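Since chain A is already given, all that's left is putting chains B and C on it; use the hints.
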Amino acid sequence: MSGVLDLARDLLPLIWSGIVTGCLYALGALGLVMIFKCSRVVNFSHGNVAGFAAFLVYGFSTGFLLHLSWGAAVLLAVVAIIAIACLSYAVIVPLVFQSDLTATIATLGLGLIVQGATLLVFGSEIVNLNLPIPHFGTSILGLRITGYDLTVLAVAVLTIGILFFVIDHTKLGVAFRAISDNPFAAEVCGLNLRSVHLFAWIVAAVLGVIGALLIVPTTFLSSTTVASFMLQAFAAAVVGGFASLPGSLVGGVLIGILMNLFTFYVSPEFTNTFLLVVILLALNVFPNGILARAGGSRV
Amino acid sequence: MSENAGAMMVERGSGDRRFLPSSGQLAAYGVAIVVICLPAVLVGSWIFTLGICFANSIGVLAVSFLLRYGGEVSIGHGFFVAIGAYSVAVTDSHFGLSLLAGLPAALVLGILAGVLFAWPSRNISGIYLAVSTMALALALPEIINNTNSDWSGGYEGLYVSHGVLPGVPIALQQYYIPFVLLVIVAYMLGRLRRSRQGIVLLLARSHSAAADAFGTRRVWARVSVMGISCGIAAVSGAALAFASSTVSPGGFTLWSSIFLLVGSSVSFYGLTLPRALIGGGFLTLVPQFLSGSGAWIPVLYGLALLGVILAGQFAGRIRAARRRGPEGA
Amino acid sequence: MGMAASLEGRGIELAFGGNKVLKGLDVEFRPGEITGLIGPNGAGKTSLFNCLTGAYRPQGGTITYGGSALDGLPPAGRANRGIVRSFQTVALCPELNVLENVMVGLARGYHSGWFNAFLPLPAGRREWAEMREAARETLAGLGLSEVADLLPLRLPPGTQRLVEIARAIAGKPRVLLLDEPAAGLNNSETRDLTRTLRQIVSPHLVMVVVEHDMDLVMSICDRIYVLNFGEFVACGTPAEVRSDPEVVRIYLGSVDD
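Chains as they are written, first to last, in the numbering used here: chain A, 3 to 301; chain B, 2 to 330; chain C, 440 to 696.
Certain hints may be false.
[Stated by the list, open to error] Example chain B residues on the side facing chain C (calculated, C-beta under 8 Å, incomplete):
| id | residue |
| --- | --- |
| 1 | Gly199 |
| 2 | Ser207 |
| 3 | Ala210 |
Just so you know, the hints here were simulated from the structure itself, not pulled from any lab data. On a predicted model such as this, the values are computed, not experimentally measured, just so you know. Ideal placement from N, C-alpha and C gives every residue a C-beta, glycine not left out.
So here's chain A without its partners, still in its complex pose (with noise of 0.2 Å):
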């Protein structure tokens, strides 16, 4: 019997705590769904360009570009992304009605650059960013809640909500519903394929700063940080189903409640094999998405 409490009173922890970062990567994968969605091509510059805004975050706030108060950084660091993720745009954009394939080895390209801009500016070295989260700690139910916790949720629910509200009501949102059911269709009926395309883009960019600055706090910001929380958003997305937003959340929350079990029952070392592992039984098992129903009677 007290094996079982035992094993709930592990569990109940990593669940929790794997629910938080899930909302992370749940994040990054609605970044990089939203533009697969509507465009077709994977973004492998996400984690790049979303680490770089987390540095011009550190950057612009304690004094190593400028000095401002943090929420000055942020919403600097925000315009900055959302430049270049128009200049990202306009430079794949050719691209991106030719071949998928061909733009997605472009935002390799793209990340590569944006990896480079960020050794240069910023060095190799790991710096340490302070995030001004509440930090308290309480004890619900023997669950330790933390301020960064609450924090996360709340955020994180806050953008998805809003997120979901402008696709749902918004003309933008619409377009993009209909330009990721149909695009030929969408065209014919006028809708620019470009605006919506440059909205998901952007959308997605803000997104990844958000991950990338909830994530800061559970480790040291350098220049492969982000870049490694992008296995994970990558992940999530593909159990998700790479072309469901609500797929994304679920895909997120399971990855990260799955890892949390992994690193505490198994091993802490290999949790990039268990996600390869976990990718490739996803994409053999249901290639549509957990969320997708089996359909379909053809051989």
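Below, chains B and C without anything else, positioned relative to chain A:
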């Protein structure tokens, strides 16, 4: 005789020219001659660098091969390069055997690993496969760092010290042997193009349903192409280990895999000796020239990758426009 | 070897979800004949064709060739039994020249291993030379020798279609399934195609043609099956089918002239 046959364009395809070497072959021979003579005029550090360049060229061929014959992009080939490199390093450090034993081991293990990865990924293609290879590349350092460091040398890695040709200075061996391997790989790929397996694989790449309808199963095609591509990557790793005398996990990151793709793109995915050298040369010499400011390397690679892609698209549009014109389609 | 065999289907049923596409069809495609399969769009011609090639698996009924069942055999396996097909949109490899494309059609009959693919070994060389020779013969038989060294994308559609047919017959198939071979061809190219198809008829070869072009079908087919809503409404010689009142009724709204 069909009247339509007379109305067509007369642009020669890959016809059989038995009597004169083609311009491609002449280029290959020319390059080979230059490479063979270079050590006479270069200083030691350049000879060392070029040896590594030849090894990287083989890696570029592996990625280009996967794209040309399989239609797939890999950003995880560093995994298979590492298999080859560590095979050679382990046989050298722990068994005292030279490349003569290490190379076959590397090749076999590389092909095996390729087949083992191809199976669970047999129905995965395009972007999903690229993401899977990315995961593969990211999993590699974990695997290396967690194997018994007595075997793998851990963070510091292993040394490769045995030469192959007795009496020849090791520095020259590290130059010529990788080059010989590169020539052999390019030659064998040329033969593959003129083989039954090669032509069915090419059809399987462009029209998999048609290849299937003529007896070439998709899974066989995928596994074969992966096996060959990863075998070539392992040979590249073996050559790399031999040419640089050391093997360590830092040399096989996701970046190294992405760089192989960059080299492959810069060479426009060519499978000939000169093209391989363009790709490998770009990869190896750019860091040499930028040795002071390493951060510019990813920027330059990124720009090169973008430049090549955009140039390719631009050239493609010109070609398409020209083709449309005269035939009036 | 032995006697020429028929390709037969008994009680073929196919449904997608709740939608019945083929409702218990009985067909017999005889060797030495060209059998046509026609019907309005959505009649089920392509579905039946795909059942014959192995792309679809019918839920009911069996398909046999020469008495042995083909059920569950995928397209690659059917190719090994000598059942080949052509494609509605030309499926030639753009990187291979015409001769090499035709050689692909023969490849299933040769089995030298990987060492022969990478090294200049005698067995591989012999095999390659044999394949080239057989492919050249096939091209010559269809009057295509001139284009052997050209790349397919440089050829007009009619010629590409003939090359596809050359590829299909190069390996001496027993069953040839043609999927709208006249699609995309102009009148003169269709005449070339008609002539070529008549030329390759042989007592051991079963030929099935799915086609919309009535001129082609009426002029080369010995027997025609007319399909509508997953059932056969007529089967017979071109003359019989042309005068069948049911067939006339079906096509009255969509006559293509």
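Discussion item. Using the nearest Cβ pair, does Ser207 of chain B come within less than 8 Å of chain C?
Written reply: OK, holds: Ser207 of chain B within 8 Å of chain C, min 5 Å.
Item to complete: Return the status of the interface hint for Gly199 of chain B: holds when the least beta-carbon distance to chain C is below 8 Å, violated otherwise.
Response: Because about 7 Å separates Gly199 of chain B from the closest Cβ in chain C, which is inside the 8 Å limit, the hint holds.
Worksheet entry | Given hint Ala210 of chain B near chain C, where the shortest CB pair must fall under 8 Å | 7 Å, holds
In the structure shown, no violation is registered for any of the earlier numbered hints.
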